[in-house]
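**Q** Protein chains in written order, with the working numbering: chain A, 1476 to 1950; chain B, 1476 to 1950.
One should not assume that every hint holds.
Note that identical chains are pooled: a pair holds if it fits in a single copy or bridges any two copies.
Unchecked claim - Quick list of in silico lysine to aspartate or glutamate cross-link-like pairs, EDC-like style, CA-CA up to 20 Å: (1) Lys1499 - Glu1479; (2) Lys1804 - Glu1724; (3) Lys1645 - Asp1721; (4) Lys1890 - Glu1533; (5) Lys1664 - Glu1760; (6) Lys1753 - Asp1663; (7) Lys1890 - Glu1906; (8) Lys1524 - Asp1535; (9) Lys1608 - Asp1504.
If you're looking for bench data, these hints aren't it; they were derived computationally from the structure.
Protein chains: 2
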Amino acid sequence: MSEEMGITVKKTEFSEWYTQVVQKAGLVDTRYGIQGFLVHRPWAMRIIKRLYQLFEEELDCTGHEPTLFPLLIPEENLKKEEEHFQFAPEVFWVTEAGSDKLEKRYALRPTSETAIYPMYALWVRSYRDLPLKCYQSVSVYRYEPTTRPFLRGREFLWIEAHDVFVSHSKALEQIKQDMGICEKVIGDKLGLSFKFFKRPKWDKFKGAEDTYAADCMMPEGRVNQIASTHDLGQNFARAFGVNYKDESEREQVAWQTTFGMGIWRIMASLVAVFGDDKGLVLPPEVAPIQVVIVPIYRKGEGEEVIKKCVQLAESLKKFRVHIDKRDEKTPGFKFNEWELFGVTIRIEMGKREANEGKVTIARRDTGEKTVALEKDCETAVAKELSLIFHGLKEKSLKLSSTAEAKTMDEIMNAKTLFIKTQLCSSNMDGEECAKKLKEIGLHVRGTLLDRENPKGTCSICGKKANEVVYLARAY
Amino acid sequence: MSEEMGITVKKTEFSEWYTQVVQKAGLVDTRYGIQGFLVHRPWAMRIIKRLYQLFEEELDCTGHEPTLFPLLIPEENLKKEEEHFQFAPEVFWVTEAGSDKLEKRYALRPTSETAIYPMYALWVRSYRDLPLKCYQSVSVYRYEPTTRPFLRGREFLWIEAHDVFVSHSKALEQIKQDMGICEKVIGDKLGLSFKFFKRPKWDKFKGAEDTYAADCMMPEGRVNQIASTHDLGQNFARAFGVNYKDESEREQVAWQTTFGMGIWRIMASLVAVFGDDKGLVLPPEVAPIQVVIVPIYRKGEGEEVIKKCVQLAESLKKFRVHIDKRDEKTPGFKFNEWELFGVTIRIEMGKREANEGKVTIARRDTGEKTVALEKDCETAVAKELSLIFHGLKEKSLKLSSTAEAKTMDEIMNAKTLFIKTQLCSSNMDGEECAKKLKEIGLHVRGTLLDRENPKGTCSICGKKANEVVYLARAY
Chain A
1476 MSEEMGITVK KTEFSEWYTQ VVQKAGLVDT RYGIQGFLVH RPWAMRIIKR LYQLFEEELD
1536 CTGHEPTLFP LLIPEENLKK EEEHFQFAPE VFWVTEAGSD KLEKRYALRP TSETAIYPMY
1596 ALWVRSYRDL PLKCYQSVSV YRYEPTTRPF LRGREFLWIE AHDVFVSHSK ALEQIKQDMG
1656 ICEKVIGDKL GLSFKFFKRP KWDKFKGAED TYAADCMMPE GRVNQIASTH DLGQNFARAF
1716 GVNYKDESER EQVAWQTTFG MGIWRIMASL VAVFGDDKGL VLPPEVAPIQ VVIVPIYRKG
1776 EGEEVIKKCV QLAESLKKFR VHIDKRDEKT PGFKFNEWEL FGVTIRIEMG KREANEGKVT
1836 IARRDTGEKT VALEKDCETA VAKELSLIFH GLKEKSLKLS STAEAKTMDE IMNAKTLFIK
1896 TQLCSSNMDG EECAKKLKEI GLHVRGTLLD RENPKGTCSI CGKKANEVVY LARAY
Chain B
1476 MSEEMGITVK KTEFSEWYTQ VVQKAGLVDT RYGIQGFLVH RPWAMRIIKR LYQLFEEELD
1536 CTGHEPTLFP LLIPEENLKK EEEHFQFAPE VFWVTEAGSD KLEKRYALRP TSETAIYPMY
1596 ALWVRSYRDL PLKCYQSVSV YRYEPTTRPF LRGREFLWIE AHDVFVSHSK ALEQIKQDMG
1656 ICEKVIGDKL GLSFKFFKRP KWDKFKGAED TYAADCMMPE GRVNQIASTH DLGQNFARAF
1716 GVNYKDESER EQVAWQTTFG MGIWRIMASL VAVFGDDKGL VLPPEVAPIQ VVIVPIYRKG
1776 EGEEVIKKCV QLAESLKKFR VHIDKRDEKT PGFKFNEWEL FGVTIRIEMG KREANEGKVT
1836 IARRDTGEKT VALEKDCETA VAKELSLIFH GLKEKSLKLS STAEAKTMDE IMNAKTLFIK
1896 TQLCSSNMDG EECAKKLKEI GLHVRGTLLD RENPKGTCSI CGKKANEVVY LARAY
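Given these sequences and hints, build the entire structure.
**A** Next up, the structure:
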């Protein structure tokens, strides 16, 4: 691999490092020519398809059904829920078709509440129709002023689930189930550490009663919101007429939740949290290739070694294995390239290894090499993959460390990226104190769902503290 | 199931029957409020997800890689290939964002050649980069004047593959591979019969050299184009600068193909070809539920029977099985509803069956019932599914029957839906004869790839015949 193909800066220069990795590791091409619209290259799409699959499996298991609602949303739908209509400045509008000027403007979905709920109003009749739980795996479109690959885009990939219930308590149970889905996929499968907060009232989704969101700490010391689920109360149901007849035939207004799984944001965290100076490091669950076998031989003497590689690959077929047979590239080039791409494990197979029935296994994360007998290779690979997963998990967890701070001074001198402190309120009357924190770059991310009891006073205003909150820098 | 929930017309009244089936069998909701933009309900999405998966597996096996290119295409890209720009009247335009009037107009992709090929021009450098084979599974947007669910829409679902080669002969090999993919998925997995034609020159894709397309005959006697693959020659490569250096370092213009798999159109054929008076009939490969088990019991005596159903389902877990436990619905209601939804096999389990260790298996397609021992149930179900698949395949094949006609009179009196005849030419000079056929409602669909030799004269103009062509009514 040539100098120019590899990453030319250390990860400590995070911003430039990130820009290089997303392009050089074959994830995106940023040269399409419309700001915030990226070309997703095969390596990214193969990871993204796995991410979608992991979430969709969990959604299917929890009684959600796949749907697809139109991309275009009539302007009047968007206006129906007053607070939600604050989305309008972020919306792309279709106004013409062919040579016609359209009578109405249509929004490209910035999120699909206003596309879906008019249909829910038609579908929901009786308590027997509830819960109604649907999701769609789509791109959404927002006219963002600044953009950055996988973090903030004008076209970004996610899954949105929209659920309807007979009661507020059922809706709140759903919020907990959504958090469980995140734990299973993002935590247990991907190894990313995150904290799920109930956002303060001044930072909730437009139109929601409450927003719960998962924050994953990034190496540059800012939190990345990778998923969020919203208690919509009856706000949208009232605006769109999502009503049901209860068991006594009385008309009732339904309760709703909406859950966004930020496929793009999770990609950003996978890149940023696990990557290193050499490029991507992918967790085994989503690595398009888990094991790359690199044959090592002198020009013209490859046949026997490659035959061995094919045998080895056959014995490893429960993993995603690839043999790099390119004759025109050197082993060194291949090592570097697969490291850049984040392939979890590399197996080197030379003439000596072939003769001795041994293989050298190299871990992508630590670079450590172990030698295994060929016949034990499957077990050895499984063990290394598990070690790598746990190593990555540990790495992510470390970023999430939290210190407690009791005064503005302690907050300003805190050494961890999350800071736990006490605040007068997470309702609107606490916003003044939050603004003061914002002046020093810190955002109030919210409270934990397992509510912690505050003792004493607000670290900012000194009034009685009603909440234990977490602070962090944000994007 | 109430009268109103079931299909109220016979399939012989095809148009109304089709409209009812796509809605009543839970596939789409047509009440969204923008013409040609449908809501895809869970039953449709579960089938569609399988269709995508079947094609994506074949694409992966044939060296294609997944990608995702932006929805928006700058107007100037669209204009680059002159003939292709004829798409403009079919395009939706984004012209505003937030409160800004955009400086340029952006098209919603009507198809993605003009989004993808500028990037290919950057990606392709050397013959070593070829072949380049990518696909994307997306919706495309066309401002169609008339729309009909799954047949013609303003937002429709497909897969598009875009391939680049060093030579025309490699490109033509790809066309054959594309046809093979259709045969494997649409023919061998879904049981839909179709004919693959080389379209006459006056009916090719805008900007292509030649178009090859799969026509599936519909019960209303019109062909449905379910897939097409285009030999783009060097037209787009020239317009977009997709060049490569050959082994002697000489700059060469690349050769391209593009292959569209019409997921929506295939849905239309599945509904129309296999359905019957009672509703959908789904081929086993894509049925979201292959076996529904309906417990039959007197009020309050269900426990034992349901326990038996659970055991039975366990023994059938290599199929997609569902137990319909709804207590408030009668078995008759359930039978009708699952028939409407096209579930392949129904198993009835009553107290007697439970006691005797026997089950009654009902086929959706013929309604035939067989009794099997519970312990042999897995084998019996597998056999019935296979019989159903072959029965459906036969049904589709019958629609495709073809008669040969040698004169305009014979053409007008032909009894089959495809008519084989001889034409002076399938180049532009044959278009006059094609227009005469169009006056009687018949379209020249094209020639077979295994070219048949004509003997004698054109059935229309009487000049020397150069082609054996197939005629059919079309949408």
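**Q** For each hint, tell me whether it holds in the structure or not.
**A** Hint check results:
Taking identical chains as interchangeable, the C-alpha atoms of Lys1499 and Glu1479 lie at most 20 Å apart only when both belong to the same chain, with a minimum of 9 Å there against 59 Å between chains. For a Cα distance limit of 20 Å, the shortest separation of Lys1804 from Glu1724 across copies, 19 Å, qualifies, whereas the shortest one inside one copy, 73 Å, does not. Taking the shortest alpha-carbon separations for Lys1645 and Asp1721, only the intra-copy value of 15 Å comes in at or below 20 Å, while the best inter-copy value is 65 Å. Taking CA atoms no more than 20 Å apart as the test, Lys1890 paired with Glu1533 passes in neither setting, with 37 Å inside one copy and 52 Å between copies.
Taking the shortest Cα distances, Lys1664 and Glu1760 sit within 20 Å of each other inside one copy (6 Å), while across copies they are farther apart (29 Å). In this homomeric assembly, Lys1753 and Asp1663 never come within 20 Å of each other (Cα to Cα): the closest approach is 25 Å inside a single copy and 46 Å across copies. Taking the shortest alpha-carbon separations for Lys1890 and Glu1906, neither the intra-copy value of 25 Å nor the inter-copy value of 78 Å comes in at or below 20 Å. In this assembly of identical chains, Lys1524 and Asp1535 lie within 20 Å of each other by CA distance both inside one copy and across copies; the values are 16 Å within and 13 Å between.
In this assembly of identical chains, the alpha carbons of Lys1608 and Asp1504 lie at most 20 Å apart only when taken from different copies (16 Å versus 36 Å within one copy).
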